[in-house]
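Enquirer: Working from the sequences, and respecting the hints, build out all of it.
Keeping their order, the protein sequence lines are chains A and B.
Heads up, the final residue of the first sequence is numbered 288 in my numbering, and it's a clean run with no missing numbers.
Heads up, the final residue of the second sequence is numbered 1415 in my numbering, and it's a clean run with no missing numbers.
What the hints contain is simulated information worked out from the structure, not anything from laboratory work.
Heads up, some of the hints might be wrong.
As the list claims (entries may be wrong) - Listed next, the in silico EDC-like pairs over lysine to aspartate or glutamate satisfying Cα-Cα at most 16 Å (straight line):
no.: 1; chain 1: B; residue 1: Lys-1378; chain 2: A; residue 2: Glu-118
no.: 2; chain 1: B; residue 1: Lys-1356; chain 2: B; residue 2: Glu-1292
no.: 3; chain 1: B; residue 1: Lys-1079; chain 2: B; residue 2: Asp-1035
no.: 4; chain 1: A; residue 1: Lys-55; chain 2: B; residue 2: Asp-1035
no.: 5; chain 1: B; residue 1: Lys-1102; chain 2: B; residue 2: Glu-1036
no.: 6; chain 1: B; residue 1: Lys-1077; chain 2: B; residue 2: Asp-1035
no.: 7; chain 1: B; residue 1: Lys-1224; chain 2: A; residue 2: Asp-2
no.: 8; chain 1: B; residue 1: Lys-1171; chain 2: B; residue 2: Asp-1226
no.: 9; chain 1: B; residue 1: Lys-1250; chain 2: B; residue 2: Asp-1374
no.: 10; chain 1: B; residue 1: Lys-1219; chain 2: A; residue 2: Asp-2
no.: 11; chain 1: B; residue 1: Lys-1401; chain 2: B; residue 2: Glu-1342
Said to hold, decoys possible - Cβ-Cβ distance ranges computed for the label pairs, FRET-style:
no.: 12; chain 1: A; residue 1: Leu-56; chain 2: B; residue 2: Asn-1088; range: 53 to 63 Å
no.: 13; chain 1: B; residue 1: Met-1089; chain 2: A; residue 2: Leu-269; range: 23 to 33 Å
no.: 14; chain 1: A; residue 1: Gly-57; chain 2: B; residue 2: Asn-1088; range: 50 to 60 Å
no.: 15; chain 1: A; residue 1: Leu-163; chain 2: B; residue 2: Lys-1224; range: 12 to 22 Å
no.: 16; chain 1: B; residue 1: Pro-1305; chain 2: A; residue 2: Leu-70; range: 30 to 40 Å
no.: 17; chain 1: B; residue 1: Ser-1090; chain 2: A; residue 2: Leu-95; range: 23 to 33 Å
no.: 18; chain 1: B; residue 1: Ser-1090; chain 2: A; residue 2: Phe-266; range: 29 to 39 Å
no.: 19; chain 1: A; residue 1: Trp-99; chain 2: B; residue 2: Lys-1224; range: 41 to 51 Å
no.: 20; chain 1: A; residue 1: Leu-56; chain 2: B; residue 2: Asp-1035; range: 50 to 60 Å
no.: 21; chain 1: B; residue 1: Asp-1289; chain 2: A; residue 2: Gly-57; range: 30 to 40 Å
no.: 22; chain 1: A; residue 1: Gly-57; chain 2: B; residue 2: Glu-1411; range: 44 to 54 Å
Stated by the list, open to error - So, partial list: chain A residues that the calculated Cβ filter (under 10 Å) puts toward chain B:
no.: 23; residue: Gly-57
no.: 24; residue: Val-112
no.: 25; residue: Asn-115
no.: 26; residue: Thr-116
no.: 27; residue: Val-117
no.: 28; residue: Ser-121
no.: 29; residue: Ala-128
no.: 30; residue: Tyr-137
no.: 31; residue: Ser-208
no.: 32; residue: Leu-217
no.: 33; residue: Gly-220
no.: 34; residue: Lys-221
no.: 35; residue: Gln-249
no.: 36; residue: Pro-257
Please read these numbers as outputs of a predicted model, since none were measured by experiment.
Think of the CB as a built atom: it goes at the ideal place given N, C-alpha and C, for glycine as much as any other residue.
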Amino acid sequence: MDFSLVVAIELLREVAGLILIATGLAVIFGMMRVINIAHGEFMMLGGYTVVLTTKLGVNIWVAILILAPLAVGLFGIIVERLIIRHLYGRIIDSLLATWGLSLFLIGFVTVVFGNTVEGVSTPFSGLAIGQYTVAIYTLFLIFAAMAFIASVYLTLRYTKAGLIARATMQNPDMVECLGVNSKIVYMATFGIGAAFAGLAGGLLAPISGVVPGMGALLIGKAFITVVTGGAAVVAGTLSAAGILGTISQAVTFASGPVFGDATLLFVALILLRLLPQGITGRIFTRSV
Amino acid sequence: MTRNISRRSILKGTAALAGAAGTLPMLPFAAQAADEIIVGGLHDLSGFIDFAGIPMNQIMLMAIEEINASGGLLGKKVKGVVYDPQTNMSLYSQYATQLALKDKAAVVMGGITSASRETIRPILHRYKTLYFYNTLYEGGVCDRNEISLGTTPAQTVEKLVPYTMGLWGKKVYTIAADYNYGQITAAWVKRYVEQNGGEVVSTDFFPLDVTNFGPTISKIQSAKPDMVMSALVGSGHLGFYNQWAAAGMKNEIPIASTTFGAGGAEIEIIQPEVANGIISCYGYYPTVDTPENKAWVQAVKKRYPEKTPLLTELSAFTWEGMMIWADAVRTAGSLDRVKIIEAMETGKTYTMPSGKVSIDPLTHHAIRDVYIADLQDKQFIIKKKFSQVQPADTQLVCNLKKNPDANKHYEISLE
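Expert: In structure tokens:
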């Protein structure tokens, strides 16, 4: 009984982890068709923001929940103005440009802050479940992932900004005719996607080591989740993270992490063979 | 017909010319004509393991300065030629070739990962350029051209397992990186645990990009071992220690590690409240309590008052490598590679910062003192010292007396 509860929490935690690392990418890719290879490094910048500001005495929650998304979001807006806006509609070019950006960020952070910065330790302690303990921070991450999804959904669905954003993605010319400056919409969307990446990096900083190369460890799974999910930001991320996270984590419990990772890739392979446009390309096609 | 004959003779002529050109750069007088002795340094000065490579390079340059300050070698100055292979294997092979053929280095120090060592070792073997590998690794290199000063599992794991089992109990849970270092180390852990009457309840391997250890932590909780033995590697795996502490396991089940603190970066990235109490076993700690080590640590601080290099096995043994090589050159009285190797093979004992060191003539690995230490607030508190430990793993597979032309890295199988 205790064990099944622990397994359930860990399954949710893996799903939550995929949602956290994929949401920012899904917002940018799903709504703007820009493949942001530097997404992992955006998360790394979020992690560094947390580590460096807490060292200066900033409260860890302020650092994670406010400073990390703010800093990376602003950085994302600068990147959009300088690089991305010249490359809309040119998928391969934007891919190469953001790859260059990713290499630059790794090198820049290594030179400025070094490969080794003092980490932060995890807030909260353990929660006993029978003979097991799980980190309360794990539960917090699951909660954060739900908040990610809820905020994107509510914004897109029920606010004017969300309506404009969805309309711009469908038909930018018509939106321009109606008096909306689509450039600002793109800029804001990219900034919000970057802010999600920064927040995810900040949230993960206390449970992983913060190093310049940490983005490379996260980017692969983020991409697989987004591609498997398909075009719809909320339904796609949620369904892909749900399927991939549950299956891979269940296999990890049964036969170890090597098989867990392999299964994640295998399931994604089969899903993409059956649903080349992603899950939301065929199912839930009317969702956001 | 005539055309055929002439073409054949041209071919022959070209082949002969090419053959002659190929031997030219290897004539011995070429290396000795210069009035400086070149020491090549190949350490990762950028890339993900620069935290290890930069201190090794600093210490190598310091050792060269010390050798020159005491009059150089054979009446000549020693000069360091340093390249940055950037954690990139094709650059490693390019620079190793360059050091051997263009710079005509008398000796090359370097290589950090086993991958980089196995890239440059065969190159330096082929071009007959003496090579020092100063990093702890999984054991098994058999090559008369290489001196391996780092510790191997038989030197450290063999001591760490019974010591920690004595402290904590006989049920051990092993977690290890999923590549040859982790696999081989886990096999040694199992062997030594069983030899000491204990039991390895489970061994989990993790690809280097795994960052979430939740399922493993639950499995460890349900297996209830007396201790966890960690051979995790790399920045992704550092998450384990944070997640372990976050789950409240820090004071429940103790951790021993064959890797934590080896490169020095872990004790910076992971906070003391998480890392305190991890027990490790290496061939060097900055806290080794001998006059030689205290003087050496002072000398390093004096030479590098800013950006003081991390003092670990890696950097300390790089200094030892330079000093052992310099001593062998003086003994041999020449730069002849074979004479230098023979000087080191006599089994002479060197007094070094890490303790007494000699080169095992059968394996060219170091016979050295190893230490067990408890990490407390970023300081390694030495608990026990073992004198003159043999590289018993490599000795199983390698005998350079019988087989002096060996040029191989054996994967030592314990199955």
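Enquirer: Taking the hints in turn, state whether each one holds.
Expert: Consistency of the hints with the structure:
Distance hint between Lys-1378 (chain B) and Glu-118 (chain A) is fulfilled; the C-alpha atoms sit about 11 Å from each other, no more than 16 Å. Only pairs whose Cα atoms come within 16 Å are accepted, and Lys-1356 (chain B) paired with Glu-1292 (chain B) is accepted, the gap being roughly 11 Å. Among the hinted pairs, Lys-1079 (chain B) with Asp-1035 (chain B) is consistent with the structure: their alpha-carbon atoms are about 10 Å apart, no more than 16 Å. Only pairs whose Cα atoms come within 16 Å are accepted, and Lys-55 (chain A) paired with Asp-1035 (chain B) is rejected, the gap being roughly 51 Å.
Only pairs whose Cα atoms come within 16 Å are accepted, and Lys-1102 (chain B) paired with Glu-1036 (chain B) is accepted, the gap being roughly 14 Å. A C-alpha spacing of about 7 Å is found between Lys-1077 (chain B) and Asp-1035 (chain B), which places the hinted pair at or below 16 Å, so the restraint holds. Annotation: proposed proximity of Lys-1224 (chain B) to Asp-2 (chain A) holds, straight-line Cα distance about 15 Å (limit 16 Å). A threshold of 16 Å between alpha carbons decides the hint, and for Lys-1171 (chain B) with Asp-1226 (chain B) the separation of about 5 Å falls inside it, so the pair holds.
For the given pair, Lys-1250 (chain B) sits about 15 Å from Asp-1374 (chain B) by alpha-carbon distance, which is consistent with the 16 Å threshold. For the hint linking Lys-1219 (chain B) to Asp-2 (chain A), the alpha-carbon distance of about 12 Å falls within 16 Å, and the restraint holds. Between Lys-1401 (chain B) and Glu-1342 (chain B), the direct Cα distance comes to roughly 11 Å. Compliance with the 16 Å bound is thereby established for this hinted pair. Restraint check, Leu-56 (chain A) to Asn-1088 (chain B): a C-beta distance of roughly 35 Å breaks the suggested window 53 to 63 Å.
The hinted window of 23 to 33 Å between Met-1089 (chain B) and Leu-269 (chain A) holds, with their beta carbons roughly 29 Å apart. Hint check: Gly-57 (chain A) to Asn-1088 (chain B), Cβ distance near 39 Å, so the stated range 50 to 60 Å is violated. Taking 12 to 22 Å as the suggested C-beta distance range, the pair Leu-163 (chain A) and Lys-1224 (chain B) does not conform, at roughly 56 Å. Hint check: Pro-1305 (chain B) to Leu-70 (chain A), Cβ distance near 38 Å, so the stated range 30 to 40 Å holds.
Between Ser-1090 (chain B) and Leu-95 (chain A) the CB atoms are about 24 Å apart, so this pair conforms to the stated range of 23 to 33 Å. Remark: the range hint 29 to 39 Å for Ser-1090 (chain B) to Phe-266 (chain A) is upheld by a beta-carbon distance near 32 Å. Look at Trp-99 (chain A) against Lys-1224 (chain B): about 47 Å separates their beta carbons, and that is inside 41 to 51 Å. Judged by the Cβ atoms, the range 50 to 60 Å given for Leu-56 (chain A) and Asp-1035 (chain B) holds: they are separated by roughly 53 Å.
Here the CB-CB span from Asp-1289 (chain B) to Gly-57 (chain A) is close to 37 Å, well matched to the stated 30 to 40 Å. Take Gly-57 (chain A) and Glu-1411 (chain B): their Cβ atoms lie about 50 Å apart, and the range 44 to 54 Å holds. Violation of the interface hint for Gly-57 (chain A) is found here, the shortest Cβ-Cβ separation to chain B being roughly 16 Å, above the 10 Å cut-off. Interface restraint check for Val-112 (chain A): the shortest CB-CB distance to chain B comes to about 13 Å, outside 10 Å, so the restraint is violated.
With a cut of 10 Å, the hint placing Asn-115 (chain A) at the interface with chain B holds, because the nearest CB-to-CB distance is about 5 Å. Checking Thr-116 (chain A) against chain B: minimum C-beta separation of about 5 Å stays under 10 Å; hint holds. Annotation: Val-117 (chain A) was flagged as interfacial toward chain B, and the flag holds, the nearest CB pair being 7 Å apart, inside 10 Å. A cut of 10 Å between beta carbons decides the hint on Ser-121 (chain A): the least distance to chain B is about 4 Å, and the hint holds.
Contact between Ala-128 (chain A) and chain B, as hinted, is supported at the beta carbon level, the nearest pair being about 8 Å apart and thus within 10 Å. Restraint check, Tyr-137 (chain A) versus chain B: the minimum CB separation of about 5 Å is within 10 Å; hint holds. Annotation: Ser-208 (chain A) was flagged as interfacial toward chain B, and the flag holds, the nearest CB pair being 4 Å apart, inside 10 Å. The restraint placing Leu-217 (chain A) at the interface with chain B holds, with a minimum CB-CB distance near 5 Å, inside the 10 Å limit.
A distance limit of 10 Å between C-beta atoms decides the matter here; for Gly-220 (chain A) the minimum to chain B is near 7 Å, and the interface restraint holds. The interface hint given for Lys-221 (chain A) holds, since its Cβ lies 9 Å from the closest Cβ of chain B, which is under the 10 Å cut-off. The beta carbon of Gln-249 (chain A) is positioned within 10 Å of a beta carbon in chain B (closest approach about 7 Å), and the interface hint is therefore held. At a threshold of 10 Å, the smallest CB-CB gap from Pro-257 (chain A) to chain B is about 5 Å, leaving the interface hint in force.
Hint check: violations occur at hints 4, 12, 14, 15, 23 and 24; the rest are consistent with the structure.
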